[in-house]
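Asks: Just need the whole structure built from these sequences, with the hints factored in.
Chains A and B, in that order, give the protein sequences. First residue of the first sequence? That's 999 in this note's numbering, and the numbers climb one at a time after it. First residue of the second sequence? That's 2 in this note's numbering, and the numbers climb one at a time after it.
It is possible that some hints are incorrect.
Stated by the list, open to error - Listing some non-contacts, in silico: residues in chain B with all C-beta distances to chain A over 10 Å:
1. G75
2. V77
3. P118
4. A245
5. R246
What the hints assert, rightly or not - Computed spacing ranges between beta-carbons, pair by pair:
6. A:D1173 to B:T3: 36 to 46 Å
7. B:W83 to A:A1305: 31 to 41 Å
8. A:W1037 to B:R106: 55 to 65 Å
9. B:L259 to A:P1102: 34 to 44 Å
10. A:E1223 to B:L35: 42 to 52 Å
11. A:V1341 to B:W83: 53 to 63 Å
12. B:T3 to A:V1341: 52 to 62 Å
Source of the hints: derived by calculation from the structure; they are not laboratory data. No residue lacks a Cβ here, since even glycine has one placed at the ideal position from N, Cα and C.
Each chain is listed here by its residues.
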Amino acid sequence: MPGGSARATLDTIAALEARGEVEQIGVSAWHRQPAPAEWQPVIDVRALPLSRLALYDAWQRLRRPVVERATGAVDVVHATAHVASASKAPMVATVHDLHFLHEPSHFTARGISVFSRFLAIVRDEAAVVVCPSQATRADCVAAGIDAARVRVTPWGTAMEPVGETEVARVRSVHDLRRPFVLFAGTVEPRKNLARLLEAYRRLGDVEAELVLVGPDGWGPDLPDEGVRRLGFVPAADLHALYAAAAVVAYPSLREGFGLPVLEAMAQGAVVVTSATTATAEVAGVAALLVDPLDVDAIAGALQRALADPDLATGLRTAARARSATFTWSRTADSMAAAYAAAVGSA
Amino acid sequence: MTATVGINLLWLVPGEVGGSEESTVASLLALHALGPPDLRFRVFASAAFAAAHPEVARAFPTDRWPHSGRSRAGRVLGESTWLARRTADLDLVHHAGGTVPSVRRAPCVLTVHDLQPLERSATHGSFKRAYLRATIPRSVRAARVVVTPSEFVRRSVIAGLGVDPARVVSVPHGVDLPVAITERAELEARYRIDGPVVLYPAITYPHKNHLTLVDAFAEVAAQHPDALLVLPGGKGSLEDEVLARIQVHRLTDRVRRLGRIPAADVAGLYSLAAVVAVPSLYEGFGLPAVEAMVHGVALVAASSTALPEVAGEAGELVDPLDASAWAAALSALLADPDRRARMGEAGRVRSDHYRSEANAECLANVYRQALSRA
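Replies: Here it is in structure tokens:
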């Protein structure tokens, strides 16, 4: 299943389409079957006659076939994720994150080779590079991309606050009677769940239980003891769980943006998240920041969030207000400006 | 439960700290208007400040320090004696001037505006630099929460001073549209404004990088002979060199070096400018960039330090050391009024995030977080 960056790309395309001014055409590889409706962009998509892997290989090694073979002439080509589409037009490239440079052990050899090639092409060819956060921008500049070409276009959320009946419904469906600390996300080492579990254990005698939501990914098995695992839940349930939680904990080691933090904030959640990656930018002062490597610090923040009602109320209000400034229409404006800059540089 | 937060403004000498005076006062008034039920405030300021800003003294119980604050040594002493005695019983004190007094009893929040004294050497005198080099790291360690005006300074504080990243938060300054704006006709007459204006308000400190902009403007003027480069701002150590460079390029007729002028005139110049240029080599925040956005003016900013973050989609970024790139960017914008209008509008929208109300709400949360860290 595609993750946050795919969702963000589709939502940006939809917001750009609604905004007007930019005419968009999608280019894809040739697929035997169409993507599920939920993962189809709202724009016209033309296929090049190559399978996905063959196309990506040809684009990144040979810099062909050019997208114009499917689309006709374009003013800008936007490489939306990890693959540098070939074109005669100036390129805007999205770099969602450069995790592979920091934690190569979390990637396959093939993954590292594809990402490295993408980074090299972006460094040499992209007229404009867009990143979802200052953290990723700083990584790009450190990787040798000219700072004047790197812009930040934060993601957004269109999430409506859920009502009390919805909150009551998910509580009853999932049998959540006590206050709970929620983690939502794929179970993988980058999400730092092992330290969150240990921090929760160090809280000792608290009323709150720990609830994990999200599909299994990879990495060492986690102990189940004292933890409620709900597995995959539908989006509507997830939103209501954010609103129902006493605390949403997301102490991830590394994020290009951290969409779950923004979505939890949109539900007025008290969020505890990492101070050392892009989540700190998304959260601002509307969440409690922790060093994700420091188990005691995570425990301390959970404790404060659970025990200090003035703090929690202030954070809930601030989280709603801050998340409201992250709109997809703002992302679309920012992306349109990036396209204009790329055209201007040609 | 209500907590009492003291706000130390002894560092704020009216008329001498530049843009942070206006922005601090606006935030305080916004904090008063916000009126968080769980927080009470007490202001500690010089009598001169209270006289210059009676609206602040009306909004908050204000303890008046009977000195001007102009002497750094006097202020440092005042903070460790007069202020320390009066704030001993408070729940929290916010030191917004970059340093924490060495004698203090109450827990504190510290605002660090930038780390320039640690990172660059040309701007500050050697005594002041030595003082700050000794004081900033100690101050940062003493504070429960450190506030920075940008993610850029936040990262510098974390990386440069080895502070726990969880204790450092970024809260952008509040910047509102000024109330007093001088009329266009008046400015045109007073400053001989007779063409499209490229504006850069900054004191002529070396890091403000006027020379690159003047070099670039020589190329711009060749293509746009009616364009003007307008440079308000006080005299810094590079004043003579800037004037000499203007001479060398024979630009005395096209560059207006205005020196320090009234705030309402600067506001008026923003509103009539075609482009605001901010080529600075170091900004912890970049007030002129936000002011350009507030006034809806197209912005070209240096691609380094806090400027890319503050300019966002509303600004064009240029390598601060590449004069030809500045010339190309400015000439292209002067020739394209539609694009200028679009950038200006994007800036106006973006400047909403920098209003003083937003800053005040963030500060209230910083105080709550610091209080909960007991």
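Asks: The structure should be examined with respect to each hint, and the outcome stated for every one.
Replies: For each hint, the structure was consulted:
Under the 10 Å C-beta cut-off, the non-interface status given to B:G75 relative to chain A holds; the minimum distance is some 33 Å. Under the 10 Å C-beta cut-off, the non-interface status given to B:V77 relative to chain A holds; the minimum distance is some 29 Å. Once the 10 Å rule is applied to beta carbons, B:P118 is consistent with being away from chain A; the minimum gap is 22 Å. Distance check for B:A245 against chain A: the nearest CB is about 28 Å away, which clears 10 Å, and the non-interface claim stands.
Chain A leaves B:R246 outside its interface by the beta-carbon criterion, the shortest separation being 23 Å against a cut-off of 10 Å. For A:D1173 and B:T3, the hinted distance range of 36 to 46 Å is satisfied, since their beta carbons lie about 39 Å from each other. For B:W83 and A:A1305, the Cβ-Cβ distance of about 36 Å falls inside the hinted range of 31 to 41 Å, so the restraint holds. For the pair A:W1037 and B:R106, the beta carbons lie near 59 Å from each other, so the given range of 55 to 65 Å is met.
Under the hint 34 to 44 Å, the C-beta atoms of B:L259 and A:P1102, about 55 Å apart, miss the expected range. Remark: the range hint 42 to 52 Å for A:E1223 to B:L35 is upheld by a beta-carbon distance near 45 Å. The hint said 53 to 63 Å for the Cβ distance between A:V1341 and B:W83, and at roughly 60 Å that hint holds. For B:T3 paired with A:V1341, a C-beta distance near 56 Å keeps the hint of 52 to 62 Å intact.
Violation of the numbered hints given earlier is confined to hint 9; every other hint is satisfied by the structure.
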